[in-house]
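Student: Now that you have both chains on their own, put them together as the hints suggest.
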Amino acid sequence: MSAPAADSAALVRTVTVDRARLVAYADASGDQNPIHQDADVARSVGLPDIIAHGMWTMGAALDVVTAYVGGDPGRVLSCQTRFTGMVVVPEGETVEVRVEGTVTKRDEDADTETIAITATCGEDKVLGRCQAVVRV
Amino acid sequence: MPINADYAGREYPPAGPFTVTREEIVAFADAVGATGAAHRDQSAAQALGYADVVAPTTFAVRLAQQCEAQLVGDPEAGIDFARVVHGEETFVHHRPIVAGDVLKGVLHVDRMREAGGNGMVSTRVELADDEGRPVTTVRSTIVVRGEG
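As given, the protein sequences belong to chains A and B, one line each in that order. Under full-length UniProt numbering, think of the first position of the first sequence as 1, with each following residue one higher. Under full-length UniProt numbering, think of the first position of the second sequence as 1, with each following residue one higher.
It cannot be assumed that every hint is accurate.
[As the list claims (entries may be wrong)] Derived list of chain B stretches under chain A, where covered just means 3 residues or more per stretch with a C-beta under 8 Å from a C-beta of chain A:
hint	region
1	32-44
2	60-68
3	76-86
4	91-105
5	115-123
Simulated from the structure, these hints should not be mistaken for lab results. Given the structure is predicted, the values throughout are model-derived calculations rather than measurements. Just so you know, even glycine gets a beta-carbon here, dropped at the ideal spot from N, CA and C.
One chain only, chain B, in its complex shape (with noise of 0.2 Å):
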């Protein structure tokens, strides 16, 4: 099934919110491997003006994909996940995340269309605090391979 290019364009309300705990960053420093002290020690953070543990700066991935699962998760999208590959990926700091943090997050699908017999998808979400102060953009563009 192809991918539905009416989607293109669509801005979702808010998913959240997403409170930040200590052992989501230290769980996501371990798996990528992130040699810092300050993703997983508190004084060491501190040390840096952080209130607490900070995380990598890819963690708001496991964020912004479940803001994404809105889209991917939707039926009428036509995005078939085991067919999916990651194509591009961006962030934007405009803070790094703590523990404790209490973020939301509003995706926005950026483009969506067919090429070469792929579904390319475009989305960005906008992570933001409790106040409303933007934290992270991230864009990612995945592709959902053809079948041919």
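So that you can see chain A by itself, here it is in the shape it has in the complex (with noise of 0.2 Å):
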């Protein structure tokens, strides 16, 4: 079985979140920390206002991975992150996330490329040295 062709017009997408967003992620992943969710509590521990899970911006990010191999999760080997800036989500706005990828590698014996994501809110960028790996 011959797998689909990557589809690199997929590596390039924006991504919105939302407080309604946020509350959907922690449940879904069970992180409840209370700074994904309560502005004072946030503000409390000195974070400008509520923020995302990095982990739901590293999710958001690594779905263009997916969507490049066919939309198939096994053919996705391996992914990291450093989360390198905060994605700040205000009271009744959507904050929109840039997220790029680019073919850094190809390893035409292990068939396998490594592909490496920008992800930036406004100006900052939000998650450092992303990279997945796939299975072509």
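Tutor: And the structure:
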């Protein structure tokens, strides 16, 4: 069985987040840290406002990689990131995160590619050294 | 309160079993905006060779964090949850997670130290199926922000 061709157009996307989505992510992931839902708690620990879960951002960004390999998560062998910036989600606003992936390495013997991802929110780079290895 | 560096090197007994449901996978896919049909539609997943709907690439964090709760929720470990921000995350997929999987996770505390007034805690959760075969290795570094 041959794998579907990788689709490089899938590697660019803008994803959006609002507070309702963070509540949905908290429930779906089980991460109920109040800094993602309660502005008073977030400010009390020195944050500017409610921030998105880093894992929400990683999950949203990594979907471009799954889309690139034909929507098959089984072809995503590994993925990693550093969390370098915060996605601040003010009350009543929808915040955009720009995601872009680039194939940086192709291993013909292993039949894999490495994809580097950038994710930015406004001027801030929110994921650092984000990459995934996929089976082509 | 500083983090307790004595916890470095600990390995916990297996947590779980966690039975992964379709509803959990769909809710996670919806929350992160995952677009693939195989996350929601069993026939689309079967077309890719899976028995049932298949989880997005970061879904394992749902299970890993339940394992990590053994450490994060332990008052003796000194981790103030409200001061925690996420530093790094890595997933190595030995195979994807599908609905119906029954998984257990073994939590390892790989590193626990103070750095620049913050606590740095690196954990590794080895998720395996009910026959002990590896499914996902989840590495996570959290930063416990100092009071300063």
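Student: What are the numbers of the hints the structure violates, in ascending order?
Tutor: 5
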